[in-house]
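Taking this note's numbering, I'd label the letters of the sequence shown as residues -2 to 168.
None of these hints come from the bench; they were simulated from the model.
Accuracy of the hints is not assured; some may be wrong.
To be verified - With a straight-line cut-off of 20 Å between C-alpha atoms, the simulated DMTMM-like cross-links for lysine to aspartate or glutamate are: (1) Lys12 / Glu113; (2) Lys119 / Asp150; (3) Lys76 / Glu45; (4) Lys38 / Glu73; (5) Lys131 / Asp144; (6) Lys38 / Asp48; (7) Lys76 / Asp64; (8) Lys141 / Asp128; (9) Lys119 / Asp144; (10) Lys12 / Glu91; (11) Lys159 / Glu143; (12) Lys141 / Asp125; (13) Lys159 / Asp133; (14) Lys102 / Glu91; (15) Lys27 / Glu44; (16) Lys38 / Glu91; (17) Lys119 / Glu91; (18) Lys119 / Asp108; (19) Lys12 / Glu155; (20) Lys102 / Asp133; (21) Lys131 / Glu155; (22) Lys102 / Asp36; (23) Lys12 / Asp128; (24) Lys102 / Glu11; (25) Lys76 / Asp48; (26) Lys131 / Asp108; (27) Lys119 / Glu155; (28) Lys27 / Asp108; (29) Lys76 / Asp36; (30) Lys34 / Asp68.
Said to hold, decoys possible - Cβ pair distances, simulated, as ranges: (31) Trp104 / Pro72: 25 to 31 Å; (32) Leu94 / Glu44: 19 to 25 Å; (33) Val137 / Val52: 35 to 41 Å; (34) Val137 / Arg77: 47 to 53 Å; (35) Pro112 / Asp64: 41 to 47 Å; (36) Lys76 / Ser132: 48 to 54 Å; (37) Asn51 / Ala111: 25 to 31 Å; (38) Lys19 / Gly79: 19 to 25 Å; (39) Thr114 / Asn164: 22 to 28 Å; (40) Ala95 / Asn164: 43 to 49 Å.
For glycine and all other residues, C-beta sits at the position ideal for the given N, C-alpha and C.
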Amino acid sequence: MFLGTHAVIQTVAEKLFGLRGKDGTTFYLKNFLDGDKPDQKFSTIAEEIHDMRNVKAHQWSSAASHDLAFDYTMPEGWKRNGTTLHINPRVFRELFLAGFGLGGKIWTYRDLLAPETALVQKYRFLRDWLDLAKSDPIAVEIRKLEDATTAADRSAAEASIKTLVVNTYGL
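Please model the entire structure based on the sequences and the hints provided.
Rendered as structure tokens:
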């Protein structure tokens, strides 16, 4: 379950918000999963959840997982008992799925997405979808867009990208 939810978390964080790794995990948990009670604020332990997923995915077992326990019977979403972090996967799963339900938090992602970020992410997605080489003229212009610091620079870069796409693909 943690491997699957982590894949969704990282994909949403990276493709919509340009955030990777622990920063992406923390952002997603804080904005789309955290419940109302302190023990449901999984973003508080985001770094440990992120690391735990990496151990499960890549190492299977390591010393990093020795201070982590899964407890489906406790009412809390998570709690510490000494140095051991106890996580209730059932609570985590319920909050994760609720985020995608009718009226779920994920559907308000646009409220968190700055227009500049949305613009850059749109063209990063295009670059990845077209599988462009770094030297491709469209990819070069997308890098200019990524580096743009003013609205005028972003507009100029986007206009150039659009022209190249039209000319290259006959759209």
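Requested in this report: Just pull the numbers of the violated hints for me, sorted ascending.
Outcome: 10, 17, 20, 26
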